[in-house]
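**Q** Add chains G and X to chain R, keeping to what the hints say.
Residue numbers (the numbering used here), protein chains in the order written: chain R, 1 to 277; chain G, 1001 to 1223; chain X, 2001 to 2239.
Just so you know, the hints here were simulated from the structure itself, not pulled from any lab data.
The structure displayed is predicted, hence computed values, not measured ones.
Ideal Cβ placement from N, Cα and C applies to all residues, glycine included.
Anything over 12 Å on all C-beta distances counts as not near chain R; from chain X, calculated: (1) 2002; (2) 2008; (3) 2098; (4) 2104; (5) 2110; (6) 2131; (7) 2132.
Per the computed footprint, the stretches of chain R lying under chain G, defined by three or more beta-carbons under 8 Å from a beta-carbon of chain G, are: (8) 30–43; (9) 67–78; (10) 128–139; (11) 143–156; (12) 204–211.
Lysine-lysine pairs mimicking DSSO-like chemistry, simulated, CA-CA at most 27 Å apart: (13) X/2076 - X/2017; (14) X/2076 - G/1071; (15) X/2197 - X/2076; (16) X/2197 - X/2012; (17) R/82 - R/116; (18) G/1068 - X/2076.
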Amino acid sequence: MMADFKKTMLRGRNVIAWLLVIMMVVIYLRPVGLPLVVSPSVRCWYTAASAMSNQSKPVLMVVDYTVGTIPEAQPAITVVTKHLMERGVAMVFVGSGVADETSLMQTVFNSVGIQKTYKYGVNYVGIGYIPGGEVAIATLGLEFQHVAATDAYGNPTANLPLTKDIKSHSDFSAVFDFDTVGNYPLWIRNWAVPHKIPLYSFVDASDMPMITSYYSVGQVQGYMGGIPGAAQYEVLSGLPGDALKSTDVLSITHVTAMILVVAGNILYFTRRRDQKE
Amino acid sequence: MSAIVRQRLPLLIVLISGLIMIGEFFFNVSGVASVAAEVRFLAVTVAATAMIVAAVSVTMNNLRNILKRTKGQWPYHLWCVVLLWFWIIFGLYSGPTSENYLWFFNNILAALYASILGILVFSLFMGFYRSFRIRGIESGIMIASAFLVMLGSITIGDLIWPGFAPLSQWILAVPNAGAYRGLIIVMAIGLMAVAFKTIFGMDLSWMGILRSVTAGKKKEKRP
Amino acid sequence: MLFIELAKRGWKFELRKIEGVTAMEEGVNRAVEMGRPVHWTEGHPFGSKLYDSNGPYLVAGLAILNYVTALCARLKARLLVNIGHTELFPVVHELVRYIYVAEGAADRYVDDDIQLMPEQSYAIAVVGRMERNSVGCHIQTGYFWSQDMVLVPEVAQGIGAIVVTGAQIDAVPYLIMYSSSVFIADEFFAAAADITKDPTDVGGMMGCEWLKVVAMFLALAGSILVTLGNNVLLGLTNF
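Chain R on its own, in the form it takes in the complex (with noise of 0.2 Å):
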């Protein structure tokens, strides 16, 4: 059985597993803490922001992750909803993915200890999820009282102060999108392109070679990309969180994926070479 055990272990497949295993562990207990180059695309999402202030529109949070994508965004929507806070700045979470992004929403709020430094239904409203995918986002530029009648706890959001006099698009200042569904371009058809709503959109880094493309035409303002991006983020605001501890672990993981992808050329080219012999 131990012989078994060995060979299975020792199984090509799961050398490798264990190589990374290993190399994630070790990093994650002795982080090195190298340095973070901030791209601009970050740094764009950053500036607007901080230019924004207690006395502009509200911004529209979209809360599209995940549960199994948490790690990865909600250190970006944890990062950026404490910089508005610092700045005064008004939000009204939403979201258009899954049901589960109420519960996220509520998770945000906790982790960032919005309530001891708001006030509920004047500074933020937590709509939560709703259901209609592209449809409901456009409806909700359009008629935002008819598609979010009430928030999450049951409250209609025609008698909270903040967002008693929301109608359409025209009344948030901008949309700060925390995506891994893929629902960006749902954003940026119905509210970005049509009607002119600055749309700063965070991405899971598989996304990031799409996004680029809407950001170099200027229908995406700004983006940050996985657990790098917000890393990046919590530099330019001072605010470090869990995506700055987890970038040594990415930079380890990377270069790990390019040695064996070196090893398996060389292997390849060896075996080659031996039968061309």
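**A** Below, chains G and X without anything else, positioned relative to chain R:
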């Protein structure tokens, strides 16, 4: 009557709704705009109702396997139904923002789901190891650009050479964005064609009705 | 509409053979030889709904399911179907059952082979079912979310199945790594035309091809004009 209700009525609803939304987008007529607003609101309501349908569908599907005592699987189907209704009742009773619900949400659901997504990284690495082979010039360029983009986005890359970050940004903003734009346009045209055929009733597969039953065979209409 | 009408009136349009369609035939044949089932799935419910803007991907996936089911019915391969979208479940049930009956294989249709996977656990449930049944050919066509693009085809490849995939554009780089064959971009929608040779599908594809030519011309003309300082084409988009 049955054929009219099952086939013609849904097609008519899709056609009218589609034409209203297209009309609202292209023509600035106040009457169309208000009707379109109602259609949008109805769509949001139907989407909310779909969640109830989802819960019932999952229950019925799993109950079938439980009653049949499908070998080796029925306990899991039973567990699925029990958990589904536990979450629904618990969520309705305490609300999705209550402390108790959040405890279960963050400590059970979030942890389980994060572990499932954590498996992804191992799958990705197997893929890198297996498929990133320099078989020719194109694959060499692909691997080189992948390395450049990776080094540009991690902290170690900046230590090795500060130019990796701007180079990585250029790769993403110029060749990558150009290629993606082309593909986005192509996909958008394809999507438009499918949507067009759906609105005008030329594609009925979304209703489970086939225009042609099998590849290469003569077309048959469902009764 | 013009090209659909022309195709219905008998005009012949030549479409190139889509590699993914050939790969599906080979995959099903190989699964039959190995005595292993064929598996089809259509996507994560988080990423898309039948009634939203990603719905056409699911509709296009159904056209491919149509073809795969017919192949399996004819070649006597067992077909396992996993659905993530509850709104698609009754549609797929009817579709598969009808094709089996039409092919004269009603006795081989098994209701339990079509299963609905709950939302949160879709990917892991699909992976588990594939591994338990040791599928010989895995086909995933639809709209996929992150783990479906990586975990599902990777596991399928690991168990020795032929993997044929088709999805939205941002999934293609991942699917290429793990699949034997991928429907890239518009090939996904063209596959239905290649399979059925139906005038509506073929005519629709020809219309799309000409629209692409127009888009290419506009892009080229626009970039030259903007470089020369003329923004007339940009003004066309402001309506």
